[in-house]
Amino acid sequence: MAPTHPEQNDPMREQLLGYLLDALDAEERQHVEDELQRNPHLQREVELLHEALEPLRADEAEYEPPPRLAARTCQFVMEQRRRPHTIPLGGEMPLAPNRWSLADLTVAAGIFIAAAMLFFPAIQHSRTTARQAACQNNLRQLGVALTEYSQRNHQYFPPVPPQGNLAAAGVYAVQLLDNGLLDDPHQLLCPATEEAQSSEPFRVPTAAELQAATGRKLEQLRRRMGGSYGYSLGYMTDRGYQHVKNRSRSSYAIMADAPATHAHDMASQNHGGRGQNVLYEDGHVRHLVQCLTQSCNDHIFLNDQGQMAAGIHPDDAVIGHSSATPLLRTVGYQGAGR
Amino acid sequence: MKKAMEQDAGTAQLSPRPRLTDEQLLLNYRTSGDERTFALLVERYERELYSYLRRYLGDAVMAEDAFQQAFLQVHLKCDQFEEGRKFRPWLYTIATNQAIDAQRRNKRHKSVSLDRTGRNQKNDEIGSLLELMQSGDPGPVSQLESEERRQWVQQAIEALPDQLKSALNLVYYQGLKYREAADVLDIPVGTVKSRLHAAILKLNEAWYGSHPPGAE
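Chains as they are written, first to last, in numbering that gives the first Met the number 0: chain A, 0 to 337; chain B, 0 to 215.
Derived from the structure by calculation, the hints contain no laboratory data. Note that beta-carbon positions come from the ideal geometry of N, C-alpha and C, so glycine has one too. Heads up, none of these hints are tricks.
Derived list of chain B stretches under chain A, where covered just means 3 residues or more per stretch with a C-beta under 8 Å from a C-beta of chain A: (1) 42 to 48; (2) 57 to 66; (3) 147 to 154; (4) 196 to 207.
Just chain A, with the same shape it has in the complex (with noise of 0.2 Å):
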């Protein structure tokens, strides 16, 4: 075997190892060839490329699946398929002949009518307080991923970079599930919200993905990492920015219900504006109606310069949405710091 090392990454050869592989598309495949034709010297750049191959084909035989895999993928699939429903969907009810009156049906209308509007408040208000109450159980156990992460990494919590694409509040989550301590992306979705009954499938990026990312694909990756929960934005000291260590403190929030953009108070609208679940250092999970925190009428979403930004003291807690930075372009963070 001749050692052949392509060593330029030029298109061409690009175009070369494609038409090798049979990657390209049928157009580009007849230039590729109608090039081959004309020029000798690109000949001998697919031979070439033909022996840089050679090491790969040690490593082509398919393996082998397991007995009966499609089988039991079929029956997987039915059972879950079967699962949630308890009578057949598209299935037809036999239906008994009709012998209601038109008052009948008025009488029973209004009697339906007034026990909604009796019961639908209740039912409404039941309803708000099991989202709510799942919404602080999904903080507690990110309260506990938190904490493990902390014990693994000398009680520093998921540091927020201050600059490069990984410089986002929403960036906790690409590192609770990177390093295995969250199963599931969905506990990362407040259940109150949209986006928790969508259908729409969620997915957090990877710390690599993420990195490779330019534009708006980042702008849309970074605004949705987070789910519809904010994360602390560390502080600033007169060594510049630090990351938040786990002191278990139970007056400093680390996260919250997403803070809003628009609103003027920055109230998270996951509950329909009435109040945000925040989760604190030493995981306790609590219901703050305002953004202020009960002990020390510490903002949640701002610090005490009234920014969503680092805070501006070891104990200025600052939430802040996904795609928040902990660093302000305009203001004069970088000076504070120095």
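Take the given structure of chain A and dock chain B to it, following the hints.
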């Protein structure tokens, strides 16, 4: 026996039924919910998709799990499949996402696993050195058998950055077109081309680094 022969003769007279495309099967399943149609689709991709996931995840159990989850997603999302689109890249997109999720779930266990090759290159070197010592070959590099060679390739691919590995798996091993792989990975076609080229380049450098041509 006679009956069977008659049946055969009867079948031979019928014109061959055109094979439905993957897209037609999926759309049929979407409208009819027919389990046999779905089963046909799973059977078509049993070997190919399992092989892809097995290579991607490097673990048979995880690959099987991801395979089942991928087809569960096919069932759940078949309403979102746009007519005119190709099924194969769509399936690979779903399967790749399942594989990424499986990797994340397994990360905790992976760090303590003793029987699986880690990403750490140092460990790889130690592993291969141990194997070579056990084999007792005096000049192992020049006497690599095909199995050892296969293992070398697998380890070298495992050591590639994830982005390069994905492009290599989809285009080289699974035979996807550049355009299809770009669709699966949600990146520009040019990026797939350069990643594949970079992967081949790196593997080649590694190969000739450890197997100098003069030694063969």
